[in-house]
Amino acid sequence: MKIEEKEIKRAGIRLIAIDLDGTMLNQEKRVTEYTKEVLAQAGQNGILIVPSTGRHYYGIPKEVLELKGVRYFLTTNGAAVYDRQEGRYFYEDVMPCEFALRILKELMQYDILVDAFIGGYAYRTEADMAYIKELQVPEVLKEFIWKSRKGVPSLYRFIEENHLDVHKFTLNFKPNGHGGRVDRENVLLLAEREKEITCVCGGFENLELTNRTATKGNALLKLGELFGIPREQIMAIGDSGNDYAMLKAAGIGVAMENAEKEVLEAADFITKSNEEDGVAYAVKQCF
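With my numbering, you'll find the sequence shown wraps up at 293, consecutive numbering, no jumps.
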């Protein structure tokens, strides 16, 4: 059962986690000036604003990083929370190196594009860079993927030789010509077998793999615990599958009007779309 605007104000919200793509960002991947103003007002009213994204830290747009009063960034679907003021991660839930290599070895048998999110950056095998052109995603997203990834000769050897833990694997798939994606079902079966990973969709039929306990929901509750904020005073706003756990964990889960069906069903409140300053509309109800 959905709630009304007046019930949001009565909740006394003190922390708001906000997804980026499809939520805070419009279709041009920008934050409107009005949304910036409302988020700043929320901060002035003592509300902690936490951008919460599947992106790696250095893939977050500059205008989001520079939002007034925003210090903490929940990244890579909850596998890492970054403190911009301290310049460090103060919470991480990673896939240990050996486990990440085992998962990557299995993924490498499929015809997919694999990115590993490590230490705030995203890496991929250099030979796979041209793969981006074949993805069935908007051109603005192709450009973002191209610019935000670091190429290495071999992703597997890069992780192995540097003994790196992995925040997240992001997987993109070629269209199969029949409305589906090449090898996506095979990866879903792999994720079902591997009980130590969480698999969600971040949009456009991609899949994102993290450690089993690394979800936006768990990271959000951890933040609340660290700041002494109970879940009843936490709001989460999102639009896609990787936001589902966050909306369910929060005291008030808000779905964008443009959200996926499962997110709309999970939400306590549905706001306007990301093209209509839906984030600003929801946040404004809190003060």
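In case anyone wonders, no lab produced these hints; they're calculated from the structure.
For clarity, every value in this text was computed on a predicted model and none was experimentally measured.
Some hints here could point you the wrong way.
[Stated by the list, open to error] Straight-line alpha carbon distances no greater than 25 Å define the calculated DSS-like cross-link-like pairs of lysine-lysine that follow:
hint	residue 1	residue 2
1	K12	K180
2	K8	K68
3	K42	K74
4	K74	K111
5	K35	K111
6	K278	K267
7	K254	K153
8	K42	K201
9	K15	K68
10	K35	K12
11	K228	K35
12	K278	K111
13	K180	K15
14	K74	K278
15	K201	K12
16	K267	K254
17	K290	K278
18	K201	K15
19	K68	K180
20	K35	K201
21	K180	K8
22	K180	K153
23	K290	K35
24	K180	K111
25	K254	K278
26	K290	K8
27	K8	K35
28	K139	K153
29	K42	K12
30	K156	K180
31	K156	K111
32	K15	K153
33	K68	K12
[Unchecked claim] Restraint ranges, calculated between C-beta atoms of paired labels, are given here:
hint	residue 1	residue 2	range
34	E149	E271	47 to 53 Å
35	G18	E200	38 to 44 Å
36	L71	E104	20 to 26 Å
37	K267	Q142	36 to 42 Å
38	E282	I9	18 to 24 Å
39	K156	E198	27 to 33 Å
40	L270	L71	28 to 34 Å
C-beta: ideal position from N, C-alpha, C; glycine also.
Ascending list of hint numbers which this structure does not respect:
Of the numbered hints given earlier, those the structure breaks are 1, 2, 4, 5, 7, 8, 9, 10, 11, 12, 13, 15, 18, 19, 20, 21, 27, 32, 33, 34, 36 and 37, listed in rising order.
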